[in-house]
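Novice: Residue numbers (this note's numbering), protein chains in the order written: chain A, 1 to 581; chain B, 582 to 1162.
Read the hints as simulated data drawn from the structure, not as lab findings. Hints should not be assumed to be uniformly reliable.
[Stated by the list, open to error] In silico EDC-like links for lysine to aspartate or glutamate, alpha-carbon gap of 20 Å or less:
#1 B/K1044 to B/E839
#2 A/K111 to B/D703
#3 B/K895 to B/D923
#4 B/K692 to A/E554
#5 A/K557 to B/E620
#6 A/K15 to A/D206
#7 A/K557 to B/E1112
#8 B/K972 to B/E715
#9 B/K603 to B/E1112
#10 B/K719 to B/E965
#11 B/K701 to B/D592
#12 A/K123 to A/D209
#13 B/K1138 to A/E39
#14 B/K820 to B/E862
#15 B/K888 to B/E862
#16 B/K888 to B/E811
#17 B/K692 to A/E559
#18 B/K1138 to A/E554
#19 B/K1158 to B/D1054
#20 A/K577 to A/E470
#21 A/K111 to B/E850
#22 A/K111 to B/E1140
#23 B/K692 to A/E269
#24 B/K799 to B/E1112
Since we're looking at a predicted model, the values are computed, not measured.
Protein chains: 2
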Amino acid sequence: MSKILRVNMTDLTTKFESVPEKYRLTAGRGLTSAITCDEVPPTCHPLGPNNKIVYASGITTGTAAPTSGRISIGGKSPLTGTIKETNSGGMAGQKLARLGIKAIILEGQPKGNGQQWVLKVDKDGAELLPTADEWLGKGLYETYPLLFDRFGERVAIIGIGVAGERLMRNAGICVNDPENRPARYAGRGGMGAVMGSKGLKAIILDDKDGPGVPIANKKVFDTGRKKLLEALRTHAVTKPGGGLNTYGTAVLVNIINEAGGFPTRNFREGRFEGAARISGETIHETCENRGGVGMTGHGCSPGCVIKCSNVYPKPDGSELVSVQEYESVWAFGAHCGIDDLDITGECIRLCNDYGLDTIEAGVTIGVAMEAGLANFGDGKKAIELMQEIGKGTPLGHVLGNGAAVTARVFGVVRCPTVKGQAIPAYDPRAIKGIGITYAISTMGADHTSGYTIAPEMLGVSGKVDQFIVEKADMARNFQYATAFIDISGHCLFIAFAILDIPSGLEGMVEECNGVLGTNWTLDDIGRIGGEIIRMERLFNEAAGFTTAHDRLPEFMKYEKLPPHNVVFDVPDETLDKVHAT
Amino acid sequence: MSKILRVNMTDLTTKFESVPEKYRLTAGRGLTSAITCDEVPPTCHPLGPNNKIVYASGITTGTAAPTSGRISIGGKSPLTGTIKETNSGGMAGQKLARLGIKAIILEGQPKGNGQQWVLKVDKDGAELLPTADEWLGKGLYETYPLLFDRFGERVAIIGIGVAGERLMRNAGICVNDPENRPARYAGRGGMGAVMGSKGLKAIILDDKDGPGVPIANKKVFDTGRKKLLEALRTHAVTKPGGGLNTYGTAVLVNIINEAGGFPTRNFREGRFEGAARISGETIHETCENRGGVGMTGHGCSPGCVIKCSNVYPKPDGSELVSVQEYESVWAFGAHCGIDDLDITGECIRLCNDYGLDTIEAGVTIGVAMEAGLANFGDGKKAIELMQEIGKGTPLGHVLGNGAAVTARVFGVVRCPTVKGQAIPAYDPRAIKGIGITYAISTMGADHTSGYTIAPEMLGVSGKVDQFIVEKADMARNFQYATAFIDISGHCLFIAFAILDIPSGLEGMVEECNGVLGTNWTLDDIGRIGGEIIRMERLFNEAAGFTTAHDRLPEFMKYEKLPPHNVVFDVPDETLDKVHAT
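Extracted from the complex, chain A is given alone in its bound form (with noise of 0.2 Å):
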């Protein structure tokens, strides 16, 4: 791929640059993060002129590698102050790269008179446009309508709802589905509120007879790609009727919660009498009941092999949101005290509406109902607090910033973030590994930026007692697969695969050999995973962070969990271990 596109909202300028020579074998992550490190001043205020965002597609993302659909949207994070990656599916990644557009960098603050933007790009080049009054201050399941009548069906859109354009930090930035719903996230960190900052309301991607992703040798490719397809068909996870595919991100349900890990009513227990209601098993079921065949099982972009989306029903069997996951269930239900799926999927398909994360939202309610806002339990009420948002109330402002803002507000001390990020579905007490991955993740509590629970939960890359404390080679190595997995391109779930079948790794390796030309092995997946990791550091460390802050909340090492009435008891030297060399 053979451009950036820079866009510049201070002068409302676009333009098409080559690509750095240094930039020439990333991409995802690791273009995002690079970019960031390389233009952003780590000091700057998130929501000021000074921050950028990029957006970049992955490697493989546009060919047809399996599962690779993701794009990456990065800069520093106003929710944390660190760096931040974040990744979505939906359509925007494989139109982006189609484009031949390997970054798009948006920098700069037009002059604060609310006028906002779209960016609109198509092979013949990058154009802003004004927005239409009705395109703005309303929920997205109204506005992306509008978006594609106007730009037509088959483009991708990257936009932001009212959270974004009011710079909430829980703002995500949503992309559509391939059925054109504003369902899919680049949700954490509050990348939303930058994109509002700087006035862009949309990014319309219209690939239409763009030149395609250049493959540098198609017979390697060819080899890896297949390698990976086989892995994904064949694991127990990934697989065509498999545990993803069959019930979703949910399936972990049951599995966390007999565990003892699955935090409940804002982190006091560590299992939830309701979890059956809200499990995996039970969408399954609603989905069949209500809606018949085809509710589950739905794919978030086209080329995904595992497609663990699912499309939730209403009782009379209309639509009432994609997709309830296993964190947004968990987030909205047993964080809240919550055990029903039509609370939760109401929820949901607010964050969709809105313009948020699902993890930091639910979250942020239970936070909210430990304030006394609420009652843990309360189903209606958790409706109400999400429509303050929506309304852009003081409340709402207060519960659209997150967590910790609104712990900070109404002075909770039982407060369940990392460098002000929400602790996602996994108790750090009852699960050791994902602790370490929470507290020393380079943006705030991410499960998904070492996915420990493979080993610690799934007996996926080998099974590993959830207690033990002593896990920071564990934790890193994870940190480090996983930053290589995101500038593959590929959805994180087919680690699932690649850790347990040798053959799937090496296939993942080779797609991007064959992408790129390179002659990577398996050594240079932690090699570059590792650059990519200590780059992040970097930023973090100018930007004011330290070992002090790679820390959990304090209280989770002073209350103990039931029902194994644990603390979080890995020591600091641990944490400080795992980035040390």
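Given chain A, put chain B in place with the hints provided.
Specialist: This is chain B only, laid out in the frame that chain A set:
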């Protein structure tokens, strides 16, 4: 003084301990910071069970030393996350000292049933009493009289208002003035929220028949006392009928405004067209016209010879509030575009009533105006916004948590804070030295931690051009000297006299020698002050602060301040040089 009183709120016990040798020669800020460093884990949650508060009078407090009634209150700040010392005048410092108590250490946390307590201390010991219902949830103008009814008119009360009860991070700690108004504050840094988090509503100090403050060498003490007294009575700023005594601290309004460093409308401009109407001269004139003689030149604690306080009357001559000070009339005045002392007076009265720091509260209202919650200059709306804090609405919770949280919630980039604490009434773009102080102070933006305004604006301690940027040495020296004054128990305002009059400086040191039996010389001021600053910086470093945090808000580097059209151009290297040695 022979005792430390340790109060444990977890098991509701009080215990007198002897003073460890290492604390024998320190007091005030030196003692609060030392105990904080020794006993508080730097990464603890400031509102959790592991933070502590230390209350300690200065070395000379409780003696006949002039203007020496200060009490220091320290711990880890919930506003900044740094170590914090905030000191106050009023009646408490002297009574604590005369009870023979060198420090009260408040630690632990009751199990959360919302119960609150009062700590009663007298010559016979200390006791935790349950609060009466009518003491809680009300304004301090209502609560303090009830407490005096219960405990007698001659006690001192160190208490918190509803802001502290609600754990708002702009909650200050209130000390009654000589007429028992809830009018003096250890305001900055939110230590009232820490007190609230420990369930302590108030400390009642009854020094009747207390042992008093032992003086090791009365002759040396008296010599020093006389020298200092003479200096204070001679210097134009501090003498009876001098600037502070006649006009109060707001004598600065016209001076700083003229210099173009008077932050106006949330730091958009450096000169306010309405400055004269909120000046010390106007305060003086209005006090005389409405209330008659004696409303200015009010002393905030016994034995003060400067007497810079005032009691500001309503149009009918009845009392509105004590005290209209420079920082407070600026924060609710120019900073909010308001030029009406009746408005600033009412806002200050609400701060006293709710238990808030006026600087942080006023800056917060200006930030709320920036966010569009009111127009600059709208005094009625400013009062209404303040009342939200009293009501405890969601918006009130936001505003009660200070300027940085308010900016975050509403997406305001022009946020005038350092380490989360509001910048006081000197714009650092126009007055560079105070900008260095704000940036490198151990406690967030704090003019009192190194008041370089003395030479930069007032010609005290020489005259230094306001625009010169190379002031690292000056900033360091002011911080060291200030830290010494903060252990001496004197009000910082003695600095005007002792910086210009060498015998006054000697007098301060000799007073300390007299009380402690030491042989300190002038050289020990910098040594002792430097030790305190270095100790505080070590705490902050362990809490996760780096030079990246020793910076002013980014907008001050790119937004030019009228009328001089200057940015903050002190190089980062200069900032880092201050404490590099």
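Novice: Each of the hints needs a verdict: does it hold here or not?
Specialist: Here is what the structure says about each hint:
no.: 1; hint: B/K1044 to B/E839; verdict: 16 Å, holds
no.: 2; hint: A/K111 to B/D703; verdict: 61 Å, violated
no.: 3; hint: B/K895 to B/D923; verdict: 7 Å, holds
no.: 4; hint: B/K692 to A/E554; verdict: 17 Å, holds
no.: 5; hint: A/K557 to B/E620; verdict: 18 Å, holds
no.: 6; hint: A/K15 to A/D206; verdict: 17 Å, holds
no.: 7; hint: A/K557 to B/E1112; verdict: 32 Å, violated
no.: 8; hint: B/K972 to B/E715; verdict: 17 Å, holds
no.: 9; hint: B/K603 to B/E1112; verdict: 13 Å, holds
no.: 10; hint: B/K719 to B/E965; verdict: 17 Å, holds
no.: 11; hint: B/K701 to B/D592; verdict: 17 Å, holds
no.: 12; hint: A/K123 to A/D209; verdict: 7 Å, holds
no.: 13; hint: B/K1138 to A/E39; verdict: 18 Å, holds
no.: 14; hint: B/K820 to B/E862; verdict: 17 Å, holds
no.: 15; hint: B/K888 to B/E862; verdict: 16 Å, holds
no.: 16; hint: B/K888 to B/E811; verdict: 15 Å, holds
no.: 17; hint: B/K692 to A/E559; verdict: 12 Å, holds
no.: 18; hint: B/K1138 to A/E554; verdict: 35 Å, violated
no.: 19; hint: B/K1158 to B/D1054; verdict: 8 Å, holds
no.: 20; hint: A/K577 to A/E470; verdict: 10 Å, holds
no.: 21; hint: A/K111 to B/E850; verdict: 18 Å, holds
no.: 22; hint: A/K111 to B/E1140; verdict: 12 Å, holds
no.: 23; hint: B/K692 to A/E269; verdict: 18 Å, holds
no.: 24; hint: B/K799 to B/E1112; verdict: 27 Å, violated
Violated hints, listed in ascending order, are 2, 7, 18 and 24; each of the other numbered hints is respected by the structure.
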